[in-house]
Each structure stands twice: as structure tokens, then as C-alpha cells.
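There are 2 protein chains.
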Amino acid sequence: MAELVAALDVGGTTVKAALLDGDLTVLATRRERTARSADGTALAEQVASVVTALAADAGTAVPDAVGVVVPGIVDEQARVARFSANLDWRDVPFGDLLERRLERPVAFGHDVRAGGLAEFRVGAGQGTRDAAFVAVGTGIAAALQLDGRIYRAHGLAGEIGHIDVGHPGRCGCGATGCLEAIASASAIARRFTERTGRPADGAQPVVDAARRGDEAAQAVVSEALDALAHGLRTLLTLVAPEVIVLGGGLFTATEYVLDPVRDWLAAGLTFQRMPELRTAKLGDEAGRLGAALLALDTLRAS
Amino acid sequence: MAELVAALDVGGTTVKAALLDGDLTVLATRRERTARSADGTALAEQVASVVTALAADAGTAVPDAVGVVVPGIVDEQARVARFSANLDWRDVPFGDLLERRLERPVAFGHDVRAGGLAEFRVGAGQGTRDAAFVAVGTGIAAALQLDGRIYRAHGLAGEIGHIDVGHPGRCGCGATGCLEAIASASAIARRFTERTGRPADGAQPVVDAARRGDEAAQAVVSEALDALAHGLRTLLTLVAPEVIVLGGGLFTATEYVLDPVRDWLAAGLTFQRMPELRTAKLGDEAGRLGAALLALDTLRAS
Chain Y
1 MAELVAALDV GGTTVKAALL DGDLTVLATR RERTARSADG TALAEQVASV VTALAADAGT
61 AVPDAVGVVV PGIVDEQARV ARFSANLDWR DVPFGDLLER RLERPVAFGH DVRAGGLAEF
121 RVGAGQGTRD AAFVAVGTGI AAALQLDGRI YRAHGLAGEI GHIDVGHPGR CGCGATGCLE
181 AIASASAIAR RFTERTGRPA DGAQPVVDAA RRGDEAAQAV VSEALDALAH GLRTLLTLVA
241 PEVIVLGGGL FTATEYVLDP VRDWLAAGLT FQRMPELRTA KLGDEAGRLG AALLALDTLR
301 AS
Chain C
303 MAELVAALDV GGTTVKAALL DGDLTVLATR RERTARSADG TALAEQVASV VTALAADAGT
363 AVPDAVGVVV PGIVDEQARV ARFSANLDWR DVPFGDLLER RLERPVAFGH DVRAGGLAEF
423 RVGAGQGTRD AAFVAVGTGI AAALQLDGRI YRAHGLAGEI GHIDVGHPGR CGCGATGCLE
483 AIASASAIAR RFTERTGRPA DGAQPVVDAA RRGDEAAQAV VSEALDALAH GLRTLLTLVA
543 PEVIVLGGGL FTATEYVLDP VRDWLAAGLT FQRMPELRTA KLGDEAGRLG AALLALDTLR
603 AS
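Protein chains in written order, with the numbering used here: chain Y, 1 to 302; chain C, 303 to 604.
Treat each hint with caution, since some may be false.
Computed beta-carbon distance windows for the label pairs [stated by the list, open to error]:
#1 Y:GLY148 <-> C:ASP565: 36 to 44 Å
#2 C:ALA603 <-> Y:ARG100: 35 to 43 Å
#3 C:ASP390 <-> Y:SER222: 35 to 43 Å
#4 Y:ARG149 <-> C:ASP390: 32 to 40 Å
#5 Y:ARG300 <-> C:ARG431: 20 to 28 Å
#6 Y:ARG211 <-> C:ALA603: 50 to 58 Å
#7 Y:ALA78 <-> C:ARG602: 30 to 38 Å
#8 C:ARG402 <-> Y:THR29: 53 to 61 Å
#9 C:ASP325 <-> Y:GLY148: 28 to 36 Å
#10 Y:GLY22 <-> C:ALA603: 29 to 37 Å
#11 C:THR556 <-> Y:GLY148: 34 to 42 Å
#12 C:GLY324 <-> Y:THR13: 56 to 64 Å
Every beta carbon over 12 Å from chain C, so not counted as near; a handful from chain Y, in silico [as the list claims (entries may be wrong)]:
#13 LEU102
#14 ARG104
#15 LEU299
Derived by calculation from the structure, the hints in this document are not laboratory data. Ideal placement from N, C-alpha and C gives every residue a C-beta, glycine not left out.
Modelling step: build the complete structure from the supplied sequences, incorporating the hints.
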């Protein structure tokens, strides 16, 4: 019988769910507002009903396994969400909780690491052994594939958004100089508004304004990309990926944002290997596809 | 029959060699001046004669396998020394070369990663899964044990000495702000001499002067330890080791140098896990013990 998995990418506001077969063909999709409770039970109930609904939509049996990914600090080894500001969770053992509720195998993961897994296996990072996926969104985080395996460190690995790249700005985490306080999509929008008094809905309008010649926008984007390059230089000096996959809405403006980063690195590296910089292929689907891959891995290992 | 390996830690000036059994009991040792040639053949000849001499010294058979570690950039996977300033080597396929010469299994590795392997298996890092060994000497480099395995990236991993910690000094590599340009033992000595006009043979006399209250020495040591803490913060934000083992002569003055680093980290971390900081246990023996472990691993895998 063909494999069948449900995959859910759970954000602070939206659950993106899909039913997929073993070839990652999408048989049905659902999108709902996230059901929130501090103990995770509301989300477990929602996952249960979404899984049933997906199977009904597609006219299939109930899926063999379910993959769920969430943001924050997720210890995949312990199947516990240590901390998620977006879900208001702290030490929620969601993997076990959901598995008891569904009575079938559950894979529980982290959104960015799952997105990286998808990019490495079926997206822009295919064929690599040592690679990084850097997701630039509200925050900045990295998924690391080292010696062909996702490196987790109990959910603490890859926090590139919080390395100090040497600017005086304060980060939401409480430290000064964090990469994401200057180069995340939200930091770009905020810094543009601070400089001009004009609102910006995310980074894209700022990048668009920069391309049209707006000097304030150009300064903000340029500072962000310099900081990002600085962060990538540190990453590659420590873990030397062959390929760095850059994800997030910013990188749809490919050449405009990728070229300065590449030039900064090419000028700044001395003995280090210049990694290939690629833009992500899977876009918003990466997290959900990663959740599906985690569910399939669980199924195949059981 | 008992296992028997020869282990050689090759530096730019000295070869430290030993004959060991499978329990890492040292049966004989030798120390010679390094025989140098750009193609590696002089060293291969030297290794062959040292191996024979060690067996004669101990009255044993010729060892079953030989482990050799060298400084620089060593691609253990390809068994090639990509670059070693100390040996004047570039792309020397020393692993294969020596194996043909000796007609027995050869393990070829990198001195710092081998030292880390020894600290993780039989030294200060025992019992860890995710750990880093940071060796502060002429330069600064790290060995990373991730998910229980040494991470190599074709010899490019762990170059923590060349991450930018935000100082204006120039590094030997050509870049500005590198950690090792301010915090290596040689940088500490050089910066002390620049500031005072007084010579210093390595970092130890500078640390001793600082402990006696010399203000110039205190400033140099304090700047070095701040920079080191900055570098460790970046390392732990990206790879989140449970334990960081600090090696090098500097850390024999344990509490005096370790406490400021620990305090800096404790004050500067926000959400990150504070790793346990430990001083290395194996000292100068780490590289040779690591070479022996690599040889034993090769023997047991064959």
C-alpha cells in the first residue's frame, strides 16, 4: 500500500496543512487559524481534526504518520518545544502529546530545520553534504546539514540571527549587535520607518524603493546585506558549508540582494572556501514539505 | 594478538612519536627534528625509520597501523594536506604516500582535530555528544564533535581563530579583526611587547606579569580574554556545544584566565545555553594520543 502522511507547518497565526504520498505529491491542503493554548492540547485537537478532514478531502484512508513543525526552540530528540514565543509555549512535550491523541506515529520538528531538510533533499541544496539553509524572515535562523545529517543540538543549533555582527542596535533577545536586529525582514522595515517616518509592510517594499533609487532605502538594505554577509562569513569560517541556501521573501529579488552578499564575501575571505550561494527553491512550502519528510522518515524507520 | 600502533604528532620543528597498545599504554617514545621536503617524501622516510626504532626500543613487532597528524588544513577524507605553512606543504597526499611506503594501514589527520578527539574520548570532554575543543597556541583553532562525531568539512571546519571579533588589528591571514590576532599566545606576547617595549617569550610571562599587577600586561590579557569570550559566544550560538574544552599553555593558569571568560559569557548570553567550560587534560600529549586513536580506529574498521 502507498505511504500517506499529513504535514503541518504551524505558525503563530496560521496552520498550513497538507496530505502527501511517499513521492511528496500533494493530495489535499488545508489552511486554518492556529488554535492556541499554553499546554498544546488545543493544537493537538486541531491537528487531529485537520488530519481527518484532509483524508476526507482526498478520499483516502487516514494517513500513516503525521509531521508537525513549529517555530521557536524545539528539541526534536526529546520531542519537546522548549520555547515558542509565537505559540506562547514553554516545555510542551508536543510530540508525545500528539502521538497519544492520534494513536499513530508523529514526527515533531522545528520549522526552519524542517525547511532546511526539504531544501537539502528536494530543493536548492540537493546533492550537498555540508550545507546551510539561512531563513531571513521575522528573525534569522539557520538549518545546518553537516556530514549529510541535520545537526540539532537539542534544538539550540543554528541561531545565526543572534551572533554579534558589530552594530550598536539592540535585539529583542536583549543583546546588542545581533544579526537579526539589523538584517531580518522586520528589522529592515523598522529601520526604514525609523529613518524616513514612512511605514513599510515588511522588507519587500524597502527593497523595491531601494531599486527605484530611494537613498534611505538603499542605505537600510545595504547595511542589512553587509551584516548578513558578515554573519555568513562567520558561519562558513566555523562550519565550511559547500553551499548556503538563502530563504525568505527578500531573496526573491535574487540578483539585487545576492550580488552584494557574494561580492562582500569574495572580497573578505582569505583562506576560507567560498561557498556557492543559492536562493531557496521551495519558498513558503519548505516547512510543510520538511514536516512531510520527517513523517516519512519516521514511518520508514518504524 | 594485542593491537599495536605508532602515533606521530608532526610540528614544524619537532616530531613527537610513540608506540602504544590498544589501551593507549605508551610502550616507547621518540622525539626528533622534523625532516622537511615540499613533497612529503622526507617526512615519510622519517616516519618509517621512527616506527622501526620505536618497535626496537620496546622490543615488539612492527606496529599494525600508524597514525600521523600535522598542522594546517588537512582533508582527512581525501588523506591530503591541503596547506601547511609550518611544513611548507601544499596539496601533499601524505596519507597514501605514507601507506605505500610503510605497506600497512595509515591514518592521516589534523593536529587540533586529533587533539580534540583525544580530549573527547579520554580527556576533559569525555561523556559529551556535542562539544568543542578550542586550542589557543600560536594560532587558535577548534575541533568540533557534533552528534558524537568529529566534524571535518574536508579540513575546513573549526577555524574559530579567523572569525571577526571586532578589533582593528590585522591578522596574518590578511583579514582584520580575527580572534587569533588578539587572543592567541603569540598575539598576547606581541601585543605586550608593542605596548611596553619589553620582550615576552609566549603568553605565559605576560599572564604571570598580569597576576603580579603589571597594568600593561593586565590590559593585554584582559583584551585577549574578552575577545576569546566573544569568539566562544559566536561558536556556542551557532553549534551549541554542551562542553567547551580550552587547551593551550594559557589555560594552565586555570582560574585566572577561565573565570573572566566564564563571567563574560554568563553576562552576555540571553537565550543560549551556557556550556560547561573545562580546561584540557592531556596537554601536549593530546595530538599524539589523537593520532593513536585514529590509527586504532583505522585498524578496527579494516
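Checked hints:
Distance hint check: the CB atoms of GLY148 of chain Y and ASP565 of chain C are about 38 Å apart, consistent with the given range 36 to 44 Å. The given range of 35 to 43 Å is respected by ALA603 of chain C and ARG100 of chain Y, whose C-beta atoms sit roughly 42 Å from each other. A C-beta distance of roughly 42 Å is found between ASP390 of chain C and SER222 of chain Y, which places it inside the suggested range of 35 to 43 Å. For ARG149 of chain Y and ASP390 of chain C, the hinted distance range of 32 to 40 Å is satisfied, since their beta carbons lie about 36 Å from each other.
Taken as a hint, the range 20 to 28 Å holds for the pair ARG300 of chain Y and ARG431 of chain C, whose Cβ atoms sit roughly 24 Å apart. The supplied range of 50 to 58 Å is met by ARG211 of chain Y and ALA603 of chain C, whose beta-carbon atoms lie about 55 Å from each other. At roughly 32 Å, the beta carbons of ALA78 of chain Y and ARG602 of chain C sit within the given window of 30 to 38 Å. A hinted range of 53 to 61 Å for the beta carbons of ARG402 of chain C and THR29 of chain Y is consistent with their spacing of about 59 Å.
For ASP325 of chain C and GLY148 of chain Y, the hinted distance range of 28 to 36 Å is satisfied, since their beta carbons lie about 33 Å from each other. At roughly 34 Å, the beta carbons of GLY22 of chain Y and ALA603 of chain C sit within the given window of 29 to 37 Å. The beta-carbon spacing between THR556 of chain C and GLY148 of chain Y, approximately 38 Å, falls within the hinted interval of 34 to 42 Å. Between GLY324 of chain C and THR13 of chain Y the beta carbons are some 59 Å apart, a value that agrees with the proposed interval 56 to 64 Å.
Chain C leaves LEU102 of chain Y outside its interface by the beta-carbon criterion, the shortest separation being 28 Å against a cut-off of 12 Å. ARG104 of chain Y, annotated as away from the interface, keeps every beta carbon of chain C farther than 12 Å; the closest lies near 27 Å. Distance check on LEU299 of chain Y: its Cβ is at least 22 Å (rounded) from any Cβ of chain C, clearing the 12 Å threshold; non-interface status holds.
Hint check: no violations occur; every hint is consistent with the structure.
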